[in-house]
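S.K.: Chains as they are written, first to last, in this note's numbering: chain A, 27 to 267; chain P, 27 to 267.
Note that these hints are calculated values from the structure, not bench results. The model shown is predicted, which means the values in this text are computed figures rather than measured ones. A couple of the hints might just be wrong.
Note that the list lumps identical chains together, so a pair holds whenever it fits in one copy or between two copies.
Said to hold, decoys possible - Below, computed lysine-lysine pairings styled on DSS-like, alpha-carbon distance capped at 25 angstroms:
| hint | residue 1 | residue 2 |
| --- | --- | --- |
| 1 | LYS84 | LYS143 |
| 2 | LYS199 | LYS101 |
| 3 | LYS235 | LYS143 |
| 4 | LYS112 | LYS152 |
| 5 | LYS144 | LYS98 |
| 6 | LYS98 | LYS199 |
| 7 | LYS112 | LYS159 |
| 8 | LYS166 | LYS101 |
| 9 | LYS159 | LYS84 |
| 10 | LYS143 | LYS98 |
| 11 | LYS152 | LYS84 |
| 12 | LYS166 | LYS235 |
| 13 | LYS230 | LYS143 |
| 14 | LYS235 | LYS199 |
| 15 | LYS230 | LYS199 |
| 16 | LYS166 | LYS92 |
| 17 | LYS230 | LYS98 |
| 18 | LYS59 | LYS199 |
| 19 | LYS199 | LYS144 |
| 20 | LYS144 | LYS112 |
2 protein chains.
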Amino acid sequence: MKEARYFYVPNAAQATELPLEEARHAVSVLRLKAGDEIFLMDGEGSFYQANVTLAATKHCMYDIVKALPQQKTWKGHVHLAIAPTKMMDRMEWMIEKMTEVGFDEITFLDCRFSERKKLRIDRLEKIVIAAMKQSRKAWKPVVHPIMSFQDFVNQQREGGLYIAHCYTEIARKDFLSEIQQANDQQDITMLVGPEGDFSMDEVKQALEKGFSSVSLGQNRLRTETAGLVSIVMSQVVKRVL
Amino acid sequence: MKEARYFYVPNAAQATELPLEEARHAVSVLRLKAGDEIFLMDGEGSFYQANVTLAATKHCMYDIVKALPQQKTWKGHVHLAIAPTKMMDRMEWMIEKMTEVGFDEITFLDCRFSERKKLRIDRLEKIVIAAMKQSRKAWKPVVHPIMSFQDFVNQQREGGLYIAHCYTEIARKDFLSEIQQANDQQDITMLVGPEGDFSMDEVKQALEKGFSSVSLGQNRLRTETAGLVSIVMSQVVKRVL
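Kindly produce the complete structure, drawing on both the sequences and the hints.
M.R.: Structure (structure tokens):
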């Protein structure tokens with residue numbers, strides 16, 4: 027059985043050809059030809075069955091055969107805001123795994139104790155798109171560039187707001203129990219700090235802005251593990267079977 | 027505040043010096059000297075507060091000040107048996123993350139469609155020990171060498187036995203719901219297949235041996251992600267707060 031070929035084509039219903047990188051892959055790597063069947067993902071909830079109509083060096087044109095609207099497999103909107111780790115590969119694997127498991131939005135935070143202040147969003151976008159194709163996600167997660175912790179917590183947000191930190195002197199509720207008790211349609215925004223944690227001031231700022239102080243249990247987790255575990259826990263509560 | 031220094035010392039209560047690699051790290055990297063405070067982990071449930079009594083090139087001797095027996099943070103025994111991925115780095119990050127999150131035992135399986143038949147257990151052991159120190163786990167997870175799928179399923183086992191696979195023609199229950207319904211003291215053994223999945227024959231063999239056919243939900247997960255997600259789900263059900 028031949029594995030179906032998926033391509034990410036924003037606005038696939040209106041477009042008539044694959045974006046440049048996808049066209050190169052289709053034509054030069056997969057050697058697709060006119061008449062071959064492909065599947066398009068628009069990243070906004072629909073797949074499309076299509077046929078290649080023209081395959082040239084940098085162009086791959088298609089005709090849509092059938093729209094295949096998808097059902098979202100979890101309830102509510104899940105947003106992780108996290109301070110990037112010093113080692114970029116840790117953020118790269120995290121975002122790949124988060125995409126497979128399922129989430130909606132990620133923002134990178136510039137915090138007091140951040141060890142990394144810059145990151146290549148284009149590289150992360152590519153990893154998200156590859157993982158989205160591999161795991162057949164109908165919605166593309168949104169990847170935001172880095173922003174200051176202050177700006178992030180000052181923005182108005184709906185739903186359950188949580189900040190995970192390690193200060194034992196500030197009471198922390200259990201994140202999983204909190205989201206299990208909330209309405210499962212409710213959005214989740216989770217803040218995860220850098221290797222050196224948020225500063226005490228940052229935690230207090232977040233609490234003033236309506237975030238709840240939480241822990242992820244008794245485990246001492248690295249930043250990227252905490253990010254991924256909070257996404258798996260969100261899925262455990264919000265998934266649709 | 028100085029971060030406590032942890033060292034893995036099997037049989038720490040009876041031993042009087044750090045193993046060679048740990049001694050090198052203590053003396054050459056951390057520059058510890060006689061009188062410095064260290065913490066030992068025996069990997070069998072106890073930490074020990076100790077003082078360095080002698081620090082030489084390849085030797086670091088200690089006196090134990092106090093035994094600090096730990097409480098296990100989850101119920102039951104969690105065993106993952108998984109076919110290693112072609113790319114070894116995927117198994118390496120998985121085992122690091124599994125150690126942080128918490129599990130008891132891992133076995134690598136040689137399956138019909140395995141793309142890798144050999145792996146360096148010594149390298150994986152080192153990753154487990156580093157992650158165990160970093161995340162302060164009192165019990166060292168056991169890492170078994172590769173064994174054949176047949177031999178594994180033929181062994182007698184206690185507790186809940188599960189095989190995750192992608193054959194839609196074989197009814198699959200939801201893994202998370204199954205372990206939520208079981209007694210939370212019950213042991214878990216979970217089988218995860220290679221990139222090309224278990225063969226249909228392997229799934230049938232496991233079912234005959236008492237394994238339950240399960241899925242991890244609607245997500246299409248890579249092998250290493252399925253392994254880690256099954257461990258996080260086990261922790262969600264079995265953790266002690």
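S.K.: A separate judgement is required for each hint: does it hold in the structure or not?
M.R.: Here's how the hints hold up against the structure:
1. Taking the shortest alpha-carbon separations for LYS84 and LYS143, neither the intra-copy value of 36 angstroms nor the inter-copy value of 39 angstroms comes in at or below 25 angstroms.
2. When the C-alpha separation of LYS199 and LYS101 is checked against a cutoff of 25 angstroms, the pair qualifies both within a copy, at 22 angstroms, and between copies, at 21 angstroms.
3. Taking CA atoms no more than 25 angstroms apart as the test, LYS235 paired with LYS143 passes inside one copy only; the shortest distance there is 24 angstroms, against 53 angstroms between copies.
4. Proximity of LYS112 and LYS152 under a CA criterion of 25 angstroms is satisfied in both settings, with 20 angstroms inside one chain copy and 22 angstroms between copies.
5. Proximity of LYS144 and LYS98 under a CA criterion of 25 angstroms is satisfied in neither setting, with 32 angstroms inside one chain copy and 39 angstroms between copies.
6. Taking CA atoms no more than 25 angstroms apart as the test, LYS98 paired with LYS199 passes between copies only; the shortest distance there is 20 angstroms, against 29 angstroms inside one copy.
7. Only between protomers do LYS112 and LYS159 lie at most 25 angstroms apart by alpha-carbon distance; the minimum there is 20 angstroms, versus 28 angstroms within a single protomer.
8. Taking the shortest Cα distances, LYS166 and LYS101 sit within 25 angstroms of each other inside one copy (15 angstroms), while across copies they are farther apart (37 angstroms).
9. In this assembly of identical chains, the alpha carbons of LYS159 and LYS84 lie at most 25 angstroms apart only when taken from the same copy (21 angstroms versus 51 angstroms across copies).
10. Neither within a single protomer nor between protomers do LYS143 and LYS98 lie at most 25 angstroms apart by alpha-carbon distance, with minima of 34 angstroms and 38 angstroms respectively.
11. For the identical chains of this complex, LYS152 and LYS84 are intra-copy neighbours only, at 19 angstroms inside a copy versus 47 angstroms across copies, given an alpha-carbon limit of 25 angstroms.
12. Taking the shortest Cα distances, LYS166 and LYS235 never come within 25 angstroms of each other, neither inside one copy (29 angstroms) nor across copies (41 angstroms).
13. Taking the shortest Cα distances, LYS230 and LYS143 sit within 25 angstroms of each other inside one copy (22 angstroms), while across copies they are farther apart (52 angstroms).
14. In this homomeric assembly, LYS235 and LYS199 come within 25 angstroms of each other (Cα to Cα) only inside a single copy, at 17 angstroms, whereas the closest approach across copies is 42 angstroms.
15. Taking the shortest Cα distances, LYS230 and LYS199 sit within 25 angstroms of each other inside one copy (15 angstroms), while across copies they are farther apart (44 angstroms).
16. For a Cα distance limit of 25 angstroms, the shortest separation of LYS166 from LYS92 inside one copy, 20 angstroms, qualifies, whereas the shortest one across copies, 53 angstroms, does not.
17. In this homomeric assembly, LYS230 and LYS98 never come within 25 angstroms of each other (Cα to Cα): the closest approach is 35 angstroms inside a single copy and 32 angstroms across copies.
18. In the homo-oligomer, the alpha carbons of LYS59 and LYS199 never lie at most 25 angstroms apart, since the shortest distance is 57 angstroms inside one protomer and 41 angstroms across protomers.
19. Within a single copy, LYS199 and LYS144 get their C-alpha atoms no closer than 32 angstroms, and across copies no closer than 44 angstroms, so neither meets the 25 angstroms cut-off.
20. Proximity of LYS144 to LYS112 under the C-alpha cut-off of 25 angstroms is restricted to the intra-copy arrangement: shortest distance 10 angstroms within a copy versus 32 angstroms between copies.
The structure does not agree with the numbered hints 1, 5, 10, 12, 17, 18 and 19 stated previously, though it agrees with the rest.
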